[in-house]
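J.: Protein chains in written order, with our numbering: chain A, 79 to 963; chain B, 23 to 363.
For the record, the hints were derived by calculation from the structure and aren't laboratory data. Owing to the predicted nature of the structure, the values given are computational and were not obtained by experimental measurement. Note that CB positions come from ideal geometry on N, CA and C, so glycine has one too. Do not rely on the hints blindly, as some may be mistaken.
[To be verified] Capping the alpha-carbon separation at 20 Å, the derived lysine to any residue pairs in SDA-like fashion look like this:
| # | chain 1 | residue 1 | chain 2 | residue 2 |
| --- | --- | --- | --- | --- |
| 1 | A | K98 | B | D87 |
| 2 | A | K474 | A | Q799 |
| 3 | A | K873 | B | G291 |
| 4 | A | K873 | B | D87 |
[To be verified] Here are some of the chain B residues that sit facing chain A, going by a computed Cβ distance under 8 Å:
| # | residue |
| --- | --- |
| 5 | V57 |
| 6 | G60 |
| 7 | W71 |
| 8 | L73 |
| 9 | D77 |
| 10 | G78 |
| 11 | Y79 |
| 12 | I103 |
| 13 | Q112 |
| 14 | E113 |
| 15 | P264 |
| 16 | T265 |
| 17 | Q269 |
| 18 | P272 |
Okay, here's what each chain looks like letter by letter:
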Amino acid sequence: MGSNMAEAHPVGFQWVMEGKACGATVIHIDPRFTRTSALADMHVLLRAGTDNAFLGGVINYILSNELDFREYVLAYTNASFIVDERYQDTEDLDGLFSGYDGRTASYDPSSWHYEGASLVNTTGTGDYAAAKEQSGSNHYGSGGPVFEGAIEGIASDSSLQHPRCVYQILKRHFSRYTPEMVEATCGTPKELFLRVCQAWTSNSGRERTVGLVYSVGWTQHTTGAQYIRAGSIIQLLLGNIGRPGGGVFALRGHASIQGSTDIPTLFNLLPGYLPMPTPAHKDLSSYITSIRGDKQKGFWRNADAYMVSLLKEYWGIAATPENDFCFDYLPRITGDHGTYRTAMDMVDGKVYGYFLLGQNPAVGSAHGKLQRLGMANLDWLVVRDLTMIESAMFWKDSPEIETGEILPEQCRTEVFFFPAASHVEKEGTFTQTQRMLQWREKAVEPKGDQRSELWFFYHLGRRLKQRVAGSTDERDRPLQDLAWDYEVHGGQPSAQDVLRHINGQDLTTGRVVNSYLELKADGTTSCGCWIYSGVYADGVNQAARRKSRLDQDLYALEWGWTWPLNRRVLYNRASADPQGRPWSERKALIWWDEERSEWTGYDVPDFERDKPPTYVPPPGAIGPEALRGDDPFIMQADGKGWLFAPTGLKDGPLPTHYEPHESPIRNLLYGQQGNPTRKVYGRPDNPSNPSPPEQHSEVFPYVFTAARLTEHHTAGGMSRQLPYLSELQPELFMEVSPELARERGLQHLGWAHVITSRTAVEARVMVTDRMKPLRIQDRVVHQLWMPYHWGSTGKVVGDAVNDLIGVVLDPNVFLQESKVLTCDVQPGRRPRGRELLEYVADYRRRAGITPATGTRVATAGSLSEVPHAESARHHANAPEKGNGR
Amino acid sequence: MSTDHSLFGSIDDVAANAGHLDHPPRVGFFTDTSVCIGCKACEVACKEWNLVPDDGYNLLGMSFDNTGMLGANSWRHVAFIEQERPLGRQEAGMSELPTGRSATEETADVLRQAEGGGELGTTPLHVRTPPQDLGMPSFTLPGGGTGAEGRTDFRWLMMSDVCKHCTHAGCLDVCPTGALFRTEFGTVVVQQDICNGCGYCVSGCPYGVIDRRPGDGRAQKCTLCYDRLRGGLEPACAKACPTDSIQFGPLDELRERAAQRLEQLHERGVTEARLYGADPNDGVGGDGAFFLLLDEPEVYGLPPDPVVPTRDLPAMWRYAAMAASAFLAAGISVFLRGGRR
């Protein structure tokens, strides 16, 4: 669901096909009939952006028919826990939860808590609006949100009858998500929806499990995090987490994107999901206190060891207990510094330089025009890529040249292009979607000036250090003290050595540590990323292991290395029942071996090896010691899987159906139309199409979704330069149903253009039966889609589809809603030059669009409709810089 | 039908028949289209390995197929077929949708409006002037034009086509220079240094596979990666295929595997599944590269009953000989009669 696995992950899809050959049923739930649907047993169509209505319907089906895996649910989830009496549900507040502040469009989650538990705020301030600005949920780290009180025991009702227990809250919350409602909201025929429910539930339980796969079709929404929550709730209710064949599989969008969140390129995280400190964190101890509870249960309790070891890795001998291990050298985040905010800050003249590595925002990011105008307003821009991508060429051949918005002779951005070595021209690890690190050898030497990222950053760091070596300025100290002590051979830093640093070392002996359990908070260990600790266990590059799966058992533990500690299935304690026996022989994974008094099985146990299932923590225990023998979710503060999230999410403890930011339909379930906490940026250069209850949504009557093709790679930098890939999909196209073609007079292979309040994009028309109109309530809704791989450079060129998309973000993780918006489509090519600007402006006029459109995020009940548009002050603040516009 | 006729009928040992004495078993491809995901990795891997040039950047409008057909510059071709019928017991999720008309009629209507294009689908269609928006007010609501009839069924077939490496290869049989030859693996390969570009093979192929490269003139087709086979490697396309739709191996094994797969699919309700080119008694003596199809061969652009054109060669020679003898006899008799005069 939300994944076109056959097309976007064809190599991984071989295992789905293998499963199918073994008798598995494959169901594809998606707005489009894709190559994945063609191979599935069942394709289920739904309107883009209504996944929570669909999933909520499944949850309602499970609960109202009592089809949950009750033993699992009782023992391993928080179903029986009692929630605070101040909690109010969306059923009470017309689509909002208790604690909502319309002024800041954020929640105070304190009323969502378990009865008697207390919350610890990671920002250290208690300011929830500020926390929202820092993508606070993402910020909680791998331990999840913090709370205490789990040790003393949370009030619970194992009969699941208490009106405030999680199970009953869940039941009530989803009670109106009936098959009829699903049909009216998603457009999915009721019978088809019910067949999905039957297949899902009848294939779950002791003997069987269901795996759930999602990709960016779920994440790129203003409600994306809650889709994944909803999927997790279903999987927990049906006992499909921590068990073989079960799980929620996130297929990532790029090679090693998993690696780039583990060791992040995100503004609010440090390696291993440690939160980035804020100004409220005056010293290390206040930071540590705020990221974990003093009496916290589980392994996140040891976050101090992870953090200190990271600081020791960064600053080596300069990091001492006396100077707080150089904690003050870390930058503090003061607000939203996400990629889209940064692009806007570039437009506003607040950002002067920009590094782009393997990224092509001029084509690949939402609102390409905003990205390009931002880049045109810099002092300098560094682009490291395989070819001269659009983001390096925007100053001379972007669409804004044609419209006169960028003048090449006046654009002052100095662009430095560095040719990059490709993946076969460098060594290192890739971390794939299953958290598996696989080492790659260098196959060929890079040509000419091409260099690896490692080479680039190592030498950049080295030169910067050289430059500030004699400085007495206090602000240069972090750079001066940086350890930067990697092995270098002939100018080339050793990737093996970097991996060893990431793994961590015992600084007293100089030997590598074998796992994160060996890390200490006293400064005697260093570790670049605690979750990767063990990848170099015994001094061996475990990621380079290549024993064939045919020479080992099903779990192939000697192929590559999976974090944490080579565990292939996370939370696999749940594969055994509370007494430690497999739920069934067929689905055995790990179990308690009474004779040897340890956990054993096919996988590495994700549990303390010698903790018996009957273990009950002594009074006052904290950390791992406080985990019971039947608490499988060892990173969670209560050891349980969360059906209801008492804290941690910015948009509510339970998934709720909200319409997309741009939708042609009024929310059928609540007065609250869209996600009440979604992050909007109401600016003249970021207009939104109106959605009900706003007027004139009919100007953009169609639902638009963007997607990928097998034949191209994301923004095209790696495919549009290659003849063999370019010829397979040579031109940008849009797919429409015959009905829509007739309605708008579109001809197969003729030109047409799609219009939003941002711009218009032209493409060839493909009429196909794979696109179908849907009946939503009393009207027919057409969907159309375009692949987004084209731009202005390369062997095949075309308009950048992402130019159509505005910037509006999920409040939890700051991901843009690029998978659903509204549009109009007209036959023929789009206007060119200045006429294009006028044409789009005319659409905005007809739809009555102002910067405030779409920014009145609260629409429920009597709440005042506060627009979240940015004040003009924002722009007035911009320093005068000639940007060539 | 003789079993070891070199021009027609089944042959037990095709390599020996071609004069290879000590040779490895005959190899080939079994392409199981029921698991093809249409990723075209085979097309790309083939071109990368064999240095086949690109075939032009043309949007063909034939579903996701922009290759069109096999040719000198496309030795693998993935066909995409959108059909108004179910695939076995697959639920396409369309038949119950409450909107829209019968799919194919409407699509055919729209498709008919596109003009031109190559007969073989390798050149793009021309498009007439698009309809002009006259700014007239519309009397229908968005989507109002569609009826309430149920949508029909739907399936999307994909199939990677390739040279069949026939038991009786028409191309090889008619090649006057010996550029085409039967390898020790039982496959059929063109030797580029011998081919003179006469083009007889092009008309000799019952599948329309072999083709002369524009600007070069020499005949080109799949070699079943002869160089890789000699190096003990499987062909590039089979290696790259993520779902094992393209399976490479000894032909006997593949035929066995294919029969099992066919049976399995029939059991699962995919009764329309059938093998194509697996029968050693067909018009080309069976293919070295055969297929599991989900519809009639014509649907995929394959001939329903391919026959090697040289099948009739012996008979033709026989008739020619008879005719020649008759002429000769007639001539002689004329002379004899004349002599009598």
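J.: Each of the hints needs a verdict: does it hold here or not?
T.: Hints versus structure:
This hinted pair does not check out: K98/A and D87/B have alpha carbons roughly 26 Å apart, beyond 20 Å. Restraint check for K474/A and Q799/A: the C-alpha separation of about 19 Å stays at or below 20 Å, so the hint holds. Simply put, K873/A and G291/B have alpha-carbon atoms about 45 Å apart, too far for the 20 Å limit, and the pair is violated. Taking the CA atoms of K873/A and D87/B, the gap is near 19 Å; set against the 20 Å cutoff, the hint holds.
At its closest, the beta carbon of V57/B sits 5 Å from a beta carbon of chain A; the interface hint therefore holds under the 8 Å criterion. Against a cut-off of 8 Å between C-beta atoms, the interface hint on G60/B holds, since the closest Cβ of chain A lies about 5 Å away. Interface hint at W71/B: violated, since its Cβ lies 11 Å from the closest Cβ of chain A, which is beyond the 8 Å cut-off. At its closest, the beta carbon of L73/B sits 11 Å from a beta carbon of chain A; the interface hint therefore is violated under the 8 Å criterion.
Look at D77/B: its Cβ gets to within about 6 Å of chain A, closer than 8 Å, so that hint holds up. The restraint placing G78/B at the interface with chain A holds, with a minimum CB-CB distance near 7 Å, inside the 8 Å limit. Using the Cβ-Cβ criterion of 8 Å, the hint placing Y79/B at the interface with chain A is satisfied: the shortest such distance is roughly 4 Å. Interface hint at I103/B: violated, since its Cβ lies 10 Å from the closest Cβ of chain A, which is beyond the 8 Å cut-off.
For Q112/B, the interface hint holds, since its Cβ comes within 8 Å of a Cβ in chain A; the closest pair sits about 6 Å apart. Taking 8 Å as the C-beta contact cut-off toward chain A, the hint placing E113/B at the interface holds, the least distance being around 4 Å. Interface hint status for P264/B: upheld, as the beta-carbon distance to the closest one in chain A is roughly 5 Å, under 8 Å. Here the hint on T265/B is kept, as its CB sits about 5 Å from the closest CB of chain A, short of 8 Å.
Evaluation of the Q269/B hint against chain A yields a violated restraint, the C-beta minimum of about 13 Å exceeding 8 Å. Proximity of P272/B to chain A is violated relative to the hint, the smallest CB-CB distance being about 20 Å (cut-off 8 Å).
The structure is inconsistent with the numbered hints 1, 3, 7, 8, 12, 17, 18, although it conforms to all the rest.
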